[in-house]
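Residue numbers (our numbering), protein chains in the order written: chain A, 25 to 407; chain B, 25 to 407; chain C, 25 to 407; chain D, 25 to 407.
Treat the hints with care, since some could be wrong.
Pairs involving identical chains hold if they fit within one copy or between any two copies, as the list cannot separate such chains.
[Stated by the list, open to error] With a cut-off of at most 30 Å between alpha-carbon atoms, the simulated DSSO-like pairs for lysine-lysine come out as follows:
| hint | residue 1 | residue 2 |
| --- | --- | --- |
| 1 | Lys339 | Lys321 |
| 2 | Lys147 | Lys26 |
| 3 | Lys256 | Lys369 |
| 4 | Lys90 | Lys207 |
| 5 | Lys234 | Lys118 |
| 6 | Lys73 | Lys62 |
| 7 | Lys71 | Lys339 |
| 8 | Lys253 | Lys207 |
| 9 | Lys147 | Lys402 |
| 10 | Lys90 | Lys390 |
| 11 | Lys402 | Lys207 |
| 12 | Lys247 | Lys339 |
| 13 | Lys244 | Lys402 |
| 14 | Lys207 | Lys73 |
Quick caveat, the hints were computed from the structure, so don't treat them as lab data.
Residue-level listing of the chains:
Number of protein chains: 4
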Amino acid sequence: MKKLNVGLIGYGFMGRAHSNGFAKVNHFFDLEHQVVLKAACARDGGKVKAFAARWGYESVETDWHKLIQRDDIDLVDIATPNNTHAEIAIAAAKAGKMILCEKPLSMNGLEGKKMVEAIEKAKVPNMVWYNYRRIPAVALARQLIDEGRLGRIFHYRAKFLQDWTISPDLPQGGAGLWRLDIKAAGSGVTGDLLAHCIDTAIWLNGSIDKVSAMTETFIKERKHNLSGKVEKVGIDDACAFLARFSNGSLATFESTRYARGHKALYTFEINGEHASIFWDLHDLHRLQYFDHRDEGKLRGWRSIHVSDGDHPYMKNWWVPGLQIGYEHSFVHQVADFLQGVESGKPARPTFRDALETQYICDAVLKSAQTRQWEKVPKVTRTA
Amino acid sequence: MKKLNVGLIGYGFMGRAHSNGFAKVNHFFDLEHQVVLKAACARDGGKVKAFAARWGYESVETDWHKLIQRDDIDLVDIATPNNTHAEIAIAAAKAGKMILCEKPLSMNGLEGKKMVEAIEKAKVPNMVWYNYRRIPAVALARQLIDEGRLGRIFHYRAKFLQDWTISPDLPQGGAGLWRLDIKAAGSGVTGDLLAHCIDTAIWLNGSIDKVSAMTETFIKERKHNLSGKVEKVGIDDACAFLARFSNGSLATFESTRYARGHKALYTFEINGEHASIFWDLHDLHRLQYFDHRDEGKLRGWRSIHVSDGDHPYMKNWWVPGLQIGYEHSFVHQVADFLQGVESGKPARPTFRDALETQYICDAVLKSAQTRQWEKVPKVTRTA
Amino acid sequence: MKKLNVGLIGYGFMGRAHSNGFAKVNHFFDLEHQVVLKAACARDGGKVKAFAARWGYESVETDWHKLIQRDDIDLVDIATPNNTHAEIAIAAAKAGKMILCEKPLSMNGLEGKKMVEAIEKAKVPNMVWYNYRRIPAVALARQLIDEGRLGRIFHYRAKFLQDWTISPDLPQGGAGLWRLDIKAAGSGVTGDLLAHCIDTAIWLNGSIDKVSAMTETFIKERKHNLSGKVEKVGIDDACAFLARFSNGSLATFESTRYARGHKALYTFEINGEHASIFWDLHDLHRLQYFDHRDEGKLRGWRSIHVSDGDHPYMKNWWVPGLQIGYEHSFVHQVADFLQGVESGKPARPTFRDALETQYICDAVLKSAQTRQWEKVPKVTRTA
Amino acid sequence: MKKLNVGLIGYGFMGRAHSNGFAKVNHFFDLEHQVVLKAACARDGGKVKAFAARWGYESVETDWHKLIQRDDIDLVDIATPNNTHAEIAIAAAKAGKMILCEKPLSMNGLEGKKMVEAIEKAKVPNMVWYNYRRIPAVALARQLIDEGRLGRIFHYRAKFLQDWTISPDLPQGGAGLWRLDIKAAGSGVTGDLLAHCIDTAIWLNGSIDKVSAMTETFIKERKHNLSGKVEKVGIDDACAFLARFSNGSLATFESTRYARGHKALYTFEINGEHASIFWDLHDLHRLQYFDHRDEGKLRGWRSIHVSDGDHPYMKNWWVPGLQIGYEHSFVHQVADFLQGVESGKPARPTFRDALETQYICDAVLKSAQTRQWEKVPKVTRTA
């Protein structure tokens, strides 16, 4: 087996999720590459050493510039806040590394475009961690659509609801809270949560032409952890938008961190001429499916427990009826990425594919400002 | 249209449920008979007058002997406590009346046998109010079994869980509480709740050969409302039993009034070679159905919203998607009874059919005493 | 008891639902009035006679002008297509009758305003059949909000999904299909379905300030049943809109008749600072409730089976655990209307209250045309 | 950190599940020991080498006698068929190794007793892999019971339903199918599935006094994979039993491999005086909880998404709302075992604790033969 040496930058929530993906993938998937946890990188030397010890990274760096120049690093994995993605990715591309980048790709479409140009110039394998495409139930949804089971699509609706920022005492910014800091995150729920919904949507249902959006910041000021002062909140606490897909279907999207009772309720539903699909991250191992072609008196929503050997990814895990969880989507993404490298058919979404989501996010945020419908610039997807 | 004059005995919970069935049936079902609420009968003259006024009964009686002798009564409906069923039914049969009798048929099998003999000698139309057969989802279950969709049956399981007698302060006996009084009720949950489960089970899955049961009375003494004294509790608070059906399938049955969180949770599940069925009284308008012959990756339990025009009884009600409720099962039972009278094909369960349930209840209670498996005497069902 | 003589106009789906409400209300509710089904009116003499016979109406009319002039009619109930509401209601008001009018109030806000003026000039009791306010679970939701349990409201989302017009072979117009005919219905899903969602929303969450909407007509032409020709379809097949409530909360609304798997899936969810509520017409007897003030490790969505005696309306029905259904909301509405007449505190929504919904529908349809956010004119609600 | 060298015997389904537990535990739990995958052992040299390579075991053995004699092995993990547990465990105990043994402990109680004696004589840390105790939702159930929230327990009911042996063409015995071979498995669903239900039950609700059981073998003969001949099937395909707990509560247990639609549906419900609990392996990340002490009109079953930081084990994983799966129960079990070793308070169930389950299984199988209630011999649990 070929070794594939990984250099990880960032050790937060995503750093752990990615590391777990790297550590487990060879236990469960047959690949030509053996993933090696070669180096972990973060500014705080003590913390990164502890992180590396826990996960078995062979070495540490405290300067990412050094990491990407190391000859023994094949793949750079970017798991840092959004405002650092572009600089690191462009430098890593120039250094000829394979690159995995946490989502969203960038702070905005303009920045994302530069990243795409850099990476395509360098011709390095690349992927963005829109991990929900790799939940088996979501992958099954894609199969069903590809097989034409839904027929003409009429409706798409998605939401991503959380409730963790309702307290006005929660500060913005700093470790673990950079997602509330407009300078580090670029936006609020739009880039953090709706980006996931949009990535799945365009993967399942094609491009979006235009949007009409509204955003709201319910808590106007919060203490900033870095400055120590009460500052204006720059992010969107909530965002909802109407959309029209290129295939003629209508959509509603909504995200908020102010929906009591929902921790990470990402749901989507697609209504087609013949069949409908519903999925819910809180019960991620199930797909709800309704097929109008079933015999009339026996029609009903089927609750498919996506844990059988003929379901996507599941033959690699346990036995029918036994669930996998959130973290497995990252294992699958590593497996797919490597199979993409091995087969020459790149796994998706590439940086280019993720740029489309970035443009939609831009249009959504712009529409919320202009209070007009906004068109989405076209992106050619990876062939 | 022919008039069919009803004389109701008893104005409790079941008196209301039956009256509502009589009052509504001609609004929703096409029948040859027009049901007329001719007389209501109960010992308390004031109360029965108020009841009659509310429901539109044309007259009242305070002595049921008088009611059953009235020439203008075609049908006697027995909605009184269990210990009065036999005497009234036998007398009404002798008087040549059609008879509807609330379940359970009788205090025990011996008594029930006499009722069957009397009614068959009199050759009068008769039926017992095992109303759950007429819930559309339950009727659909029967259709599916009749169509052979389940194949060989392996398992049957049913339970009926309530939680209303957990307080030791609840008295036994008296108005509204006669179900706790062994002298009026004959048994506790066995006759009250398991009788329903058994009636459905033998209707769907055929006869039961033998049973092994246990019963328990959690609260040993309660104040008796009639005597005013603390007395030993004679009824079974809970009962569970194993059973073997004649078709080779295995069954578990359980009922209790000590299951917190369940008001009237009657559920049953049937597992066949090809398909399985589940139903739940708390969501009575749905049938859960799993068919192994569905395409592998799309197999799942279908939640069938039994509200379409091609579902049993539903074309008579509203439009698809709009639920009916508990009370409608009684309307259906009146409709089916009248159609049975009109067509000459009696609706079920007749007294004879209900006797089979009585024998099973007897065997269950006996097994709980003997701590042995007990055989169930055979009953020939109505042809 | 005082007699209250009802004259019903129209014998379609709603004519049946209203009649059932009138027929049952005195069986289950203690009122000063005895409802009398005095007359049914429709143009087809044969059919209205059959309808009257089935339901027990004492007489029939084939001209509604005659009906509203009859001295023995106290209350006129309008259950005809939308384009006839205004003329009948205004005439009935002039004739001094109490008026119940099926929803939506009118073809548009202008027409509705005239109806409000007429009825207020005549000072007659009046109400619009937005029946979903009277589903016990929905009434419980209102109680919880009135008690302040949710705290500040952040989000409201509602949808009403159906799937019955997907076939291009379905004609528009004519008996049973007038809801597809723009001339009879005034709009498509907006007036038919979203009007229900809006009525509940403004009752639960206050006024809506502005909206941004999109509509779509998926099947552009259909055969018209009256003309016999293929004609352009004028109604909206689907409509979705963003809204901002006066209380600062954000909302999404959506309705369609092209959502496979949903017969009448009206759902709403409200997210407040402390608690959230969810309701679903397909399981109308349940309310989902999440309260953040519950102990941390035990927080969860509670599935409340709204069938206990302390739930709204339920003490009038059966025993805990036994569901009621769709039709009961109409019984409740008659009961509430009569109690309003008896107490001098009118039941809601009055024509005036329903006008607010009409204005919102107008703004929604206008926004779909202008592709702009549209403001909603203010209406003072009934004191 | 101290090294803890593991020697695994067996590489089937459970060999993988255990290995994953060993491989992941130090990534997510803070322990004094570093688990080292030192050696994997199985008879087939080629296969065990491939297995070792995949999982990172440093060496292989093909004779378990050699493995348990190796000085560099601290812990022997037994993941072989049931009929080999006793011999290996007793030998490993004599060799002074820590022992983890896959469930059920033994072929029967007599054999189990010998294992307990051997291991207690050797005074080695030991545990049986009843992994479901470590599902966070199940651990939460135990917390709630320990806190006295349920009050007096009235009812316990558990079932474990599968559907994978319905086809008569499925052979018995041989690799992957030894669970169908009476000689290798000792029993059918009783030892395989009910043992899990029983272990959880006695952990949550105390000892069982007596049982009344029935078993069935639906397919009487199957081809045996080892002999190549059609042979009588010796295992129980299905088993159901009634039980009485020492605390006075009543129970029903059922297991089968003939329940269409259920892959691994292990469910249990406990009804107490004040509260009830329900759990379901098919949605293992949820606990259903009903508390009668909640305010009357707001009582309902709470669906607790057991994914918060204050839920058992969950602070070690991701963020609220993100599920873990089946495999994590094994990681937890390794963590708990090691913490037991480190703290001197042994993790449960020990061999001694698991012997109680073995005695209950024996009584169940005996009762199915004698058709009598059978008493369960008492076992003193580990202090």
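Hint check:
{"no.": "1", "hint": "Lys339 x Lys321", "verdict": "between (33 Å within a copy, 12 Å between copies)"}
{"no.": "2", "hint": "Lys147 x Lys26", "verdict": "within (20 Å within a copy, 45 Å between copies)"}
{"no.": "3", "hint": "Lys256 x Lys369", "verdict": "neither (46 Å within a copy, 47 Å between copies)"}
{"no.": "4", "hint": "Lys90 x Lys207", "verdict": "within (25 Å within a copy, 61 Å between copies)"}
{"no.": "5", "hint": "Lys234 x Lys118", "verdict": "neither (35 Å within a copy, 50 Å between copies)"}
{"no.": "6", "hint": "Lys73 x Lys62", "verdict": "both (13 Å within a copy, 25 Å between copies)"}
{"no.": "7", "hint": "Lys71 x Lys339", "verdict": "between (37 Å within a copy, 19 Å between copies)"}
{"no.": "8", "hint": "Lys253 x Lys207", "verdict": "within (15 Å within a copy, 61 Å between copies)"}
{"no.": "9", "hint": "Lys147 x Lys402", "verdict": "within (22 Å within a copy, 60 Å between copies)"}
{"no.": "10", "hint": "Lys90 x Lys390", "verdict": "neither (38 Å within a copy, 59 Å between copies)"}
{"no.": "11", "hint": "Lys402 x Lys207", "verdict": "within (27 Å within a copy, 40 Å between copies)"}
{"no.": "12", "hint": "Lys247 x Lys339", "verdict": "between (49 Å within a copy, 26 Å between copies)"}
{"no.": "13", "hint": "Lys244 x Lys402", "verdict": "between (34 Å within a copy, 28 Å between copies)"}
{"no.": "14", "hint": "Lys207 x Lys73", "verdict": "within (28 Å within a copy, 52 Å between copies)"}
When held up to the earlier numbered hints, the structure conflicts with 3, 5, 10 and fits the remainder.
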